[in-house]
Amino acid sequence: DYTSNRLTLTYRYQKAKLNLNIGSGVQSGELISNNKTKALYLNQHYTNIYPTANLTYRFSKTANLRFNYSGRTGQPTVDQLQPVIDNSDPANIAVGNPLLKQSFTNNFRLMYGFFDRANSKNIFATINANFINNNIVNATITNLATGIDTIRPVNMNGAYNISAFFNYGFPLKHPK
Numbered sequence: 298d299y300t301s302n303r304l305t306l307t308y309r310y311q312k313a314k315l316n317l318n319i320g321s322g323v324q325s326g327e328l329i330s331n332n333k334t335k336a337l338y339l340n341q342h343y344t345n346i347y348p349t350a351n352l353t354y355r356f357s358k359t360a361n362l363r364f365n366y367s368g369r370t371g372q373p374t375v376d377q378l379q380p381v382i383d384n385s386d387p388a389n390i391a392v393g394n395p396l397l398k399q400s401f402t403n404n405f406r407l408m409y410g411f412f413d414r415a416n417s418k419n420i421f422a423t424i425n426a427n428f429i430n431n432n433i434v435n436a437t438i439t440n441l442a443t444g445i446d447t448i449r450p451v452n453m454n455g456a457y458n459i460s461a462f463f464n465y466g467f468p469l470k471h472p473k
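Add 297 to the 1-based position in the sequence shown for our numbering, that's all there is to it.
I should point out that these hints are in silico values taken from the structure, not numbers from a laboratory.
All values derive from a computational prediction rather than experimental measurement.
Among the clues, some could well be false.
[Unchecked claim] Quick list of in silico lysine-lysine cross-link-like pairs, DSS-like style, CA-CA up to 27 Å:
id : residue 1 : residue 2
1  : 358       : 314
2  : 335       : 398
3  : 358       : 398
4  : 398       : 333
5  : 358       : 418
6  : 418       : 314
7  : 418       : 335
[Unchecked claim] Simulated restraints on C-beta separations:
id : residue 1 : residue 2 : range
8  : 396       : 302       : 21 to 31 Å
9  : 304       : 331       : 24 to 34 Å
10 : 302       : 360       : 21 to 31 Å
11 : 425       : 387       : 33 to 43 Å
12 : 425       : 309       : 48 to 58 Å
13 : 386       : 469       : 51 to 61 Å
14 : 304       : 405       : 20 to 30 Å
15 : 437       : 331       : 21 to 31 Å
16 : 322       : 462       : 21 to 31 Å
Built from N, CA and C at the ideal position, the CB exists for glycine as well.
Please build the complete structure, drawing on both the sequences and the hints.
This is the structure we're talking about:
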């Protein structure tokens, strides 16, 4: 069972060219798992913070710059936490890790948009970045004597993803 409650507070500032939202949420959650077959009981309590920031600046009616930030947590699943051995595939034995921490992801996005209606031209560019602390990944340990892999979830720092996109649109002239 997983139960949670969240409280969120946001501040908004708006002017003709500038729109700004800054806020954060606090969530309290509790995960309870009672595996009666294996006599394993887990009770984990999480306090999560969900920060957000959004900024839009309008250079003109047809051009703007936007920045978005959000942070979020990711809790380990019951399967990842319970130290129960899964040997349904004898060559790949899986076991949970009750010491897993929750992950935290920082998401950043910067976008620029421009549209020239008179000439039907547009520019759209975006850069996205995600940085994850305590990312939950599977570690594989191979027993060289038996050839059996043991797979166990662990926390890893340093995970990130960065991407960019650029689009320039223009009309095609009709051939004569």
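field: Ascending list of hint numbers which this structure does not respect
entry: Violated hints (numbers, rising): 3, 7, 10, 12; every other hint is consistent with the structure.
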